[in-house]
Amino acid sequence: MKKSRLSCLIQNCLIASFLSLAVPCGILADDHYWVDKTAPVPERVISLGQTITERIYLLGADSTLIANTVYCVQPEDAKQKEKVGTLIQANLEKIVALKPDLVIATNMARPKQLRKLKDLGVRVVQFAYPKNFSEMCQQFLELGELLGKEDKAEEIIDNTKKEVAAIRMKTKNLPKKRVFIQLGIKPLHAVTRESFLNDYIEFSGGQNIALNEGHGTYSREKVLKENPEVIIISTMGSSEGETGKREKEAWMKYGSIDAVKNKNVYIVNPDKLCSPTPITFVEALTEIAKMIHPNLSLGESK
Amino acid sequence: MRNGKIRRWVTILFILAAILISVSVISLCVGAAGISLRRIPHIIWEGKGTGEHSILFDIRLPRIILGFAIGGALSLAGTILQGIFRNPLVEPYTLGISGGASLGVCLNIAFKWYNAVGIIAYPISGFLGAALVIVFVYSLSMKTGTLKTQGILLTGVMISFISSSLVMLIMALSRSEDLHGIVFWIMGSLEEPNMFLIRMAVVGALGGLILSYFFCLDLNALALGEEEAIHLGINVEKSKRILFILASFLTGLSVSVAGIIGFVGLIIPHLMRMFTGTDHRILLVSTFLAGASFLILCDTLARTVIEPFELPVGVITGIIGGAVFVYALSKKQVTL
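Protein chains in written order, with the numbering used here: chain A, 1 to 302; chain B, 303 to 638.
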């Protein structure tokens, strides 16, 4: 008994060290978007991200979802699933104990944790935060393929693309308005071309004043200089509570901005804006298009 | 008299080793997976292949081993540095070594060196950053030919400030996905998938412990003051230099593998000095063992207190270490 325990331990160390030597320096990004078509459809899936959970529900694959993170609260049923930590810090033990055949992570996950899971033989797929609308659609299709729900995914994406195209058609010939979407307050954070949020502006016939910024940090001075016609505030906590209101009041002091003159300063729920599923994208796009062009009539808008 | 001392030392070592072993066993047995104690002998008996076996030996055991190495190395570095500087507030991180390592890792993340070199770029850049700071601080203080302890301390503290400002600069300029990479690293964690790095940390820490023993008598003499040590026939300059480099190496190694885990290197040396006295012959090894046990214990708490959340281990070391230390200080009424 004692001997076997010891030899087991030594064996473990040896195998682990061999593994570590064999794959000493894999690159973190090695299997973003990797879909193995020959792999069987997974039956025990763990989601490590709020948007991934939402997308799984949209695809109707929630019966295979065995666990998610504590922040996965949409839809209601997602709250009932087993919890394995947060978006950025998962509990590896718990994941392994649940014996998943697929773990889907975002690029917020700790690289070390994902590597460890892979070393332990768990299949891990990582989806980065989409940079634009078409990337989001692509990811949704890949997720559908991964979960054996290609048809459903295609159907949803087809509908989404149609709705988006309809909105683009209606806004195409309208005058381009200068728009500023504010994501952070201190420091002031803007939406740039790097983010899929930029597509909200482009698709609804607007012009992003921070389009060509290298990174999102922006200054109030610049906003004054660029003089946006519409300001949309969507910071953390802006939907409920005082943060959004206070920020709106702060903008209202600058009477020289066109958006302020015409009272075009809006507050939008960031959960809706920033967690991209095809359905929420259309909803958010409709909302923003109406903010940019108040006279626009969008038939299917909610 | 002499026999009595040796008996006391052996008892201390025995108790510390027992604590270390029991903490490790406890750590192996508890966790979020909820494997019951009674199942554990069974799991070990069944051997590899089961998920539970994998949880015990592939997830928990490497963390325990790394905790042993990092906790031991940091405490040992703290003891050595407090010995050289005769200053109770010195710890491995005061000398700017951790700052340098953070800066190295931030640069790695910001310039995406890990894409070229792979995941190993994290520890390497951390270690290079630490080494650079050591060389810088050391050469600045060596201007006059002797290692000025006050100078080195002040330079180190300033380097710490400069590097943390630079880290903040990089954070302010970086994209959000890089940002949380930096934050992860700064929070420190014993989760390390690469067994090679874990083994390296163990070898480095134990090697440091052995090497430090060649200088335990010098440290004892230095405790009396540098001048007294010279009168006792110690080559103070040489010992100080070697010990400084050794402590820096231990810190750099720990920081580059596990990130920044505070308080271990400050509190454990003080705590052990209260129990063992100031004789470095027993102090060095007992701080190593106590530091190892302490970090393993803290890590166990970090991953079990608010399950399924996993707290950064630095949170636990700070709270428990600080509280225990203040309590011990008020009880014993000792001066440092």
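If you're looking for bench data, these hints aren't it; they were derived computationally from the structure. Ideal Cβ placement from N, Cα and C applies to all residues, glycine included. Worth double-checking, as some hints may not be accurate.
[To be verified] Chain A is nowhere near these chain B residues, computed Cβ spacing over 12 Å in every case:
hint: 1; residue: Gly353
hint: 2; residue: Tyr424
hint: 3; residue: Gln452
hint: 4; residue: Leu455
hint: 5; residue: Leu468
hint: 6; residue: Leu475
hint: 7; residue: Arg477
hint: 8; residue: Phe486
hint: 9; residue: Phe516
hint: 10; residue: Ala525
hint: 11; residue: Ile532
hint: 12; residue: Ile544
hint: 13; residue: Arg575
[Claimed, not checked] Beta-carbon label-pair distances, calculated as ranges:
hint: 14; chain 1: A; residue 1: Asn227; chain 2: B; residue 2: Gly336; range: 58 to 66 Å
hint: 15; chain 1: B; residue 1: Met444; chain 2: A; residue 2: Ala250; range: 34 to 42 Å
hint: 16; chain 1: A; residue 1: Glu226; chain 2: B; residue 2: Leu481; range: 50 to 58 Å
hint: 17; chain 1: A; residue 1: Glu226; chain 2: B; residue 2: Val626; range: 20 to 28 Å
hint: 18; chain 1: B; residue 1: Val626; chain 2: A; residue 2: Asn227; range: 53 to 61 Å
hint: 19; chain 1: A; residue 1: Lys263; chain 2: B; residue 2: Gly336; range: 32 to 40 Å
[Unchecked claim] Computed list of lysine-lysine pairs in DSBU-like fashion (alpha-carbon distance at most 35 Å, straight line):
hint: 20; chain 1: B; residue 1: Lys414; chain 2: A; residue 2: Lys222
hint: 21; chain 1: A; residue 1: Lys131; chain 2: B; residue 2: Lys350
hint: 22; chain 1: A; residue 1: Lys112; chain 2: B; residue 2: Lys307
hint: 23; chain 1: A; residue 1: Lys131; chain 2: A; residue 2: Lys118
hint: 24; chain 1: A; residue 1: Lys118; chain 2: B; residue 2: Lys633
hint: 25; chain 1: B; residue 1: Lys350; chain 2: A; residue 2: Lys99
hint: 26; chain 1: A; residue 1: Lys79; chain 2: A; residue 2: Lys99
hint: 27; chain 1: A; residue 1: Lys272; chain 2: A; residue 2: Lys79
hint: 28; chain 1: A; residue 1: Lys99; chain 2: B; residue 2: Lys540
hint: 29; chain 1: A; residue 1: Lys272; chain 2: B; residue 2: Lys414
hint: 30; chain 1: B; residue 1: Lys350; chain 2: A; residue 2: Lys118
Against the structure, the hints:
In this structure Gly353 (chain B) is not separated from chain A by more than 12 Å, as the shortest Cβ-Cβ distance comes to only about 5 Å. A Cβ of chain A approaches the Cβ of Tyr424 (chain B) within 12 Å, the least distance being about 9 Å, so the stated non-interface status is violated. Non-interface status of Gln452 (chain B) relative to chain A is upheld: no Cβ of that chain comes within 12 Å, the nearest being about 39 Å off. Listed as a non-interface residue, Leu455 (chain B) keeps its Cβ farther than 12 Å from every Cβ of chain A; the least gap is roughly 34 Å.
Its beta-carbon lying about 17 Å from the closest one in chain A, Leu468 (chain B) satisfies the requirement of being farther than 12 Å from that chain. At roughly 7 Å from the closest C-beta of chain A, the C-beta of Leu475 (chain B) falls inside 12 Å, breaking its exclusion from the interface. Not every CB of chain A lies more than 12 Å from the CB of Arg477 (chain B), the least distance being 6 Å, so the non-interface label is violated. Non-interface call for Phe486 (chain B) relative to chain A: violated, since the shortest CB-CB distance, roughly 6 Å, does not exceed 12 Å.
Against the 12 Å criterion, Phe516 (chain B) stays outside the reach of chain A, whose nearest CB is about 30 Å from its own CB. With a least beta-carbon separation of about 40 Å from chain A, Ala525 (chain B) lies farther than 12 Å from that chain, consistent with its non-interface assignment. No Cβ of chain A comes within 12 Å of the Cβ of Ile532 (chain B); the nearest lies about 47 Å off, and the non-interface call holds. Interface exclusion of Ile544 (chain B) from chain A stands, the closest Cβ pair being 31 Å apart, more than 12 Å.
Non-interface status of Arg575 (chain B) relative to chain A is upheld: no Cβ of that chain comes within 12 Å, the nearest being about 35 Å off. Under the hint 58 to 66 Å, the C-beta atoms of Asn227 (chain A) and Gly336 (chain B), about 59 Å apart, fit the expected range. Between Met444 (chain B) and Ala250 (chain A) the Cβ separation comes to about 54 Å, which falls outside the hinted range of 34 to 42 Å. For Glu226 (chain A) and Leu481 (chain B), the hinted distance range of 50 to 58 Å is not satisfied, since their beta carbons lie about 25 Å from each other.
In this structure the hint that Glu226 (chain A) and Val626 (chain B) lie 20 to 28 Å apart at CB is violated, the actual value being about 56 Å. Remark: the range hint 53 to 61 Å for Val626 (chain B) to Asn227 (chain A) is upheld by a beta-carbon distance near 59 Å. Look at Lys263 (chain A) against Gly336 (chain B): about 56 Å separates their beta carbons, and that is not inside 32 to 40 Å. Taken as a hint, the Lys414 (chain B) and Lys222 (chain A) pair is honoured in the structure, with Cα atoms around 30 Å apart against an allowance of 35 Å.
At most 35 Å may separate the alpha-carbon atoms for a hinted pair to count; Lys131 (chain A) and Lys350 (chain B) exceed this at roughly 43 Å. Restraint check for Lys112 (chain A) and Lys307 (chain B): not satisfied, since their Cα atoms lie roughly 46 Å apart, outside the 35 Å limit. The straight-line distance between the Cα atoms of Lys131 (chain A) and Lys118 (chain A) is roughly 26 Å, inside the 35 Å bound, and the hint therefore holds. Our distance criterion of 35 Å between C-alpha atoms is broken by Lys118 (chain A) and Lys633 (chain B), whose separation comes to about 49 Å.
Between Lys350 (chain B) and Lys99 (chain A) the alpha-carbon distance is near 15 Å, which keeps this suggested pair within the 35 Å criterion. Between the alpha carbons of Lys79 (chain A) and Lys99 (chain A) the distance comes to roughly 20 Å, so the proposed pair stays at or under 35 Å and holds. The straight-line distance between the Cα atoms of Lys272 (chain A) and Lys79 (chain A) is roughly 18 Å, inside the 35 Å bound, and the hint therefore holds. Distance check on the hinted pair: Lys99 (chain A) and Lys540 (chain B) sit about 56 Å apart at the alpha-carbon level, beyond 35 Å; violated.
Between Lys272 (chain A) and Lys414 (chain B), the direct Cα distance comes to roughly 31 Å. Compliance with the 35 Å bound is thereby established for this hinted pair. The straight-line distance between the Cα atoms of Lys350 (chain B) and Lys118 (chain A) is roughly 17 Å, inside the 35 Å bound, and the hint therefore holds.
Against the hints set out earlier in the document, violations occur for numbers 1, 2, 6, 7, 8, 15, 16, 17, 19, 21, 22, 24 and 28.
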